[in-house]
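K.L.:
If you're matching them up, the sequences are chains A and B in order.
The first sequence begins at 1 in my numbering and counts up one residue at a time.
The second sequence begins at 1 in my numbering and counts up one residue at a time.
Watch out, some of these pointers could steer you wrong.
Stated by the list, open to error - Within a straight-line C-alpha distance of at most 25 Å, the following computed SDA-like cross-link-like pairs (lysine to any residue) qualify:
| id | chain 1 | residue 1 | chain 2 | residue 2 |
| --- | --- | --- | --- | --- |
| 1 | A | K275 | A | R71 |
| 2 | A | K275 | B | P309 |
| 3 | A | K275 | B | T308 |
| 4 | B | K240 | B | Y155 |
| 5 | A | K275 | B | V284 |
| 6 | B | K157 | B | D227 |
| 7 | B | K157 | A | L41 |
| 8 | A | K275 | A | T57 |
| 9 | A | K275 | B | V115 |
| 10 | A | K275 | B | G283 |
| 11 | B | K157 | A | D61 |
| 12 | A | K275 | B | T286 |
| 13 | B | K240 | B | T251 |
| 14 | B | K240 | B | L224 |
As the list claims (entries may be wrong) - Ranges of calculated distance between the beta carbons of each label pair, as one might list FRET restraints:
| id | chain 1 | residue 1 | chain 2 | residue 2 | range |
| --- | --- | --- | --- | --- | --- |
| 15 | A | L81 | B | T245 | 45 to 51 Å |
| 16 | B | N287 | A | D119 | 34 to 40 Å |
| 17 | B | L44 | A | G308 | 16 to 22 Å |
| 18 | B | G291 | A | A277 | 15 to 21 Å |
No lab work stands behind these hints: they were computed from the structure.
Glycine is no exception: its CB is placed at the ideal position from the N, C-alpha and C atoms.
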Amino acid sequence: MTTTAARERTERPSSARPGRRGDRVFAGVVRTAAFTILAALVAVFVFLAAEGWVGLTAEPDTYAPFTTFVRYLLPLIVSTLLASALALVVAVPFAVAVALFISHYAPRSLASALGYVIDLLAAVPSVVFGLWGGRYLAAYLQPAHVWLHDHLGFVPIFGDPSPNGRSLFTASIVLAIMILPIMTAISREVFLQTPRLHEEAALALGATRWEMIRYAVFPYARSGMVSGIMLGLGRALGETMAVAMVLATTPTTTLNVIGTASPATIAANIALNYKEATPERQSLLIATGLVLFVVTFLVNFGARWVAGRSSRRLNT
Amino acid sequence: MTAAPLALSQARLPRWAPVLVGVIALALAGLPALLSGWGSVTWLVTAVAVFLVGMPLWSRLVEGRRAAVDRLVTALIWTAFAVACAPLVWLVYVVVRNGAPAINGRFLSISMLNVIGDEQGGIYHALLGTLLVTVAATVVSVPIGILTAIYLVEYGKRSRPARLITFLVDVMTGIPSIVAGLFALALLVLVFGTAFRAGIGGSIALSLLMVPTVVRSSEEMMRLVPDDLREASYALGVPKWRTVTGVVLPTSVAGIVTGVVLAISRVIGETAPLLVVAGATDGVNTNLFDGRMTTLPVFIFSQYATSTPVGYERAWGGALVLIALVMVLNLAARLVGRIFAPAKSH
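Chain A on its own, in the form it takes in the complex:
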């Protein structure tokens, strides 16, 4: 006992081998890099706040055609929420179905290749989606606007239809397509993690494939699906170009998503107005960006928290 202790004591200085200093330097470097990321995240908040602060309480004419920051922001927020909600309503069933298709329905040998096709959707730049949405999809969906107005006109969001289809509704469809890959990817992963034994047990009890999915896969994957949906929501809230290019924006307050005059979303408003910005106006845009950052941060935070909680629960 004493001899080993003594040997350790004598050996300690010899651990100051050539590598020792390198070790300390290297550890310092990687630690610095890691904390740079924390610092960057804080910096995003600090700089946006520092520059945007002025925009919160500027001269009333900065907010033209409105007079205060809240009034200026409100239509943008309504638009953002409407577009994201619509995009989710469209995309969620598809995301779940496509994820199930890849995890449980597609022929085994094709599944990963088909999954790659959906991933390719995520690789298409948003500006190209915007170009396609504005030049093709809008015209294609125009009859759908008329149909929605004729049959569901009593719902306030389906007011007078746009003659060219460049409405918040079309923008939401583009958003739905854009958030589909991330939602599919997350759901697919949790579907694939369902224990084989649960699935086989369900089938052995005589369940059909759909019953097996309903009673063995869905309960297991529920929080993963929620997390995927929230990540999709985060993307939809912050997506800029597709909305900026599809929508012809007017600063009014309206709930009509299929009309010609809709306010932009927060993100699209920034992209469309940064050019003519006076310094005050620039601060205002940065202030709206700060609001967007906080909202998406919270949504993403929630999504990861849900996902983390479920994976901890499953592992124990």
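For this one, chain A is given, so just place chain B on it according to the hints.
P.N.:
Chain B alone, transformed into the frame defined by chain A:
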């Protein structure tokens, strides 16, 4: 004791039943399609609708309710996948058809400087801008990303700060790109004054978007390196930092490169942040630190915003080049991953 014998099997439709129903549905929908001259899309949609009704109905009559529901869901899921693929196919088709006529040698080799009206313009300045901005973003974010991944895998392990960083990196992947752009703008404006615009701002924004992707993929790859290798290295008396740089990194390099290239392909199409902070200009600007710099996505957007036929044509040409770039990067990433993947250790 006259209970009916328990039936352990029930009637099933033959394996080829869905095919038969499919053919019948196509034929049934084909009749009105021929008579009233529908397009092929309407015909297909009608056929799918007929299938979605017919298949469960037949199954209900022969197999019972539960099987019918199962068949309905199966059909719905296949349909959903086909519908989800449709935008991709349509979009790629449209981009190629509209973009291909716009592209020629001159389009790729001149800028928009002094291009008036319907004269032929070009994307040379935008290509150069995209290249410079993206390279600068890569130079900033790759070292930070890889070093952070090393910290998380080799040093932080499961400690509290490491878990916090992992969590925040995950949250960071969801930062809207326009917010990253505004951050870079706020930073530059604070330092250099309100009217300052430069390509480097775009690089700052893009690196903010790239770092999380690089960290996650590198981290994943380094975790795959078996501990045997590390322990073998320690046993030879190699210090930890030499083990990391000499054993762990070389073993996982293929995966890390794949992750980096995928991250590049993700940010190369970013428009919003560059629009806000790097701006647009007609001429070539090779100085990252001074003056506006056009990138390819911003070029597409500004040509689209002109709302003229020639503007649209240039936008489509730019879109085709951009999509081709992204796809080539994607393929390259996967090839690198496959070719240089280390042999399985066991």
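K.L.:
Identify every previously stated hint that the structure contradicts and give their numbers, smallest first.
P.N.:
Hints 11 and 17 contradicted; others consistent.
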